[in-house]
Amino acid sequence: DAGVIQSPRHEVTEMGQEVTLRCKPISGHNSLFWYRQTMMRGLELLIYFNNNVPIDDSGMPEDRFSAKMPNASFSTLKIQPSEPRDSAVYFCASSLVSNSYQPQHFGDGTRLSIL
Amino acid sequence: RKEVEQDPGPFNVPEGATVAFNCTYSNSASQSFFWYRQDCRKEPKLLMSVYSSGNEDGRFTAQLNRASQYISLLIRDSKLSDSATYLCVVNRNQGGKLIFGQGTELSVKP
Numbered sequence: 001d002a003g004v005i006q007s008p009r010h011e012v013t014e015m016g017q018e019v020t021l022r023c024k025p026i027s028g029h030n031s032l033f034w035y036r037q038t039m040m041r042g043l044e045l046l047i048y049f050n051n052n053v054p055i056d057d058s059g060m061p062e063d064r065f066s067a068k069m070p071n072a073s074f075s076t077l078k079i080q081p082s083e084p085r086d087s088a089v090y091f092c093a094s095s096l097v098s099n100s101y102q103p104q105h106f107g108d109g110t111r112l113s114i115l
Numbered sequence: 001r002k003e004v005e006q007d008p009g010p011f012n013v014p015e016g017a018t019v020a021f022n023c024t025y026s027n028s029a030s031q032s033f034f035w036y037r038q039d040c041r042k043e044p045k046l047l048m049s050v051y052s053s054g055n056e057d058g059r060f061t062a063q064l065n066r067a068s069q070y071i072s073l074l075i076r077d078s079k080l081s082d083s084a085t086y087l088c089v090v091n092r093n094q095g096g097k098l099i100f101g102q103g104t105e106l107s108v109k110p
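These protein sequence lines are chains Z and D, in that order. Following the numbering used here, the numbering of the first sequence begins with 1 at its first residue and continues without gaps. Following the numbering used here, the numbering of the second sequence begins with 1 at its first residue and continues without gaps.
Bound conformation, chain Z alone (with noise of 0.2 Å):
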């Protein structure tokens, strides 16, 4: 079975540049996480999707990112314009449903560096 796909794998581009991750969750999977981990800050969640619709984006750190998700196969997390500080490890991750006990699955990540 196909698991949580993320693209690009890598990703190291100049401060100021667009930077677009993209993720496939797994199919029948209705809830969608996106995660940034740095060593500082451990994994934090920026913001997760139910049924492709916005729920909770308090972990966004600010109006540079946005995150989409137009159908339940596919969401993007957007930079713009891309700073230094954003340099981190990005997560894709989804669930069954969006309730207490499912377990939430991720991707490989993208491993992003702004230079």
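Read the hints as simulated data drawn from the structure, not as lab findings. Just to be clear, a hint being listed does not mean it is correct.
[Stated by the list, open to error] The calculated EDC-like cross-link candidates involving lysine to aspartate or glutamate, where the alpha carbons are at most 16 Å apart (straight line), are:
1. D:K97 / Z:D57
2. D:K97 / Z:D108
3. D:K2 / Z:E44
4. D:K97 / Z:D56
5. D:K42 / Z:D108
6. D:K45 / Z:D108
[As the list claims (entries may be wrong)] Pairwise CB distance ranges (calculated):
7. Z:T76 / D:S81: 32 to 40 Å
8. D:D77 / Z:V12: 39 to 47 Å
9. Z:M15 / D:A20: 43 to 51 Å
10. Z:P70 / D:D39: 27 to 35 Å
11. Z:T76 / D:K2: 28 to 36 Å
12. Z:M40 / D:L80: 23 to 31 Å
13. Z:Q17 / D:S53: 33 to 41 Å
14. Z:G16 / D:G16: 38 to 46 Å
15. D:L74 / Z:M39: 25 to 33 Å
16. D:D57 / Z:S27: 20 to 28 Å
Just so you know, these numbers come straight off a predicted model, no measurement behind them. We treat Cβ as the ideally placed atom computed from N, Cα and C, and that holds for glycine.
Following the hints, complete the assembly by docking chain D onto the known chain Z.
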């Protein structure tokens, strides 16, 4: 204070040792609890859910004490392949929002 706090690492243990990780959470309304494992430069993966009655999966035993807001993970007969970072994870409401601890690094040596 962080909402989910774990033992500071790293834990360096020999093969065959028993090792225990502890975790505390601050929100008494938390509803569900998990241990995830993360290998170096990989994604987190669910190791096991944690139930009030305690649960076991092979060499791994998880315990939950709601009164003390405390979660533990015990690994018996540790293997080299157990080397990873173990993340204590709490879901504090009926939504899908997971709160991750900082993780405890385990290194099992031959």
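Against the structure, test the hints numbered earlier, and report the numbers of the ones violated in rising order. 2, 13 and 14
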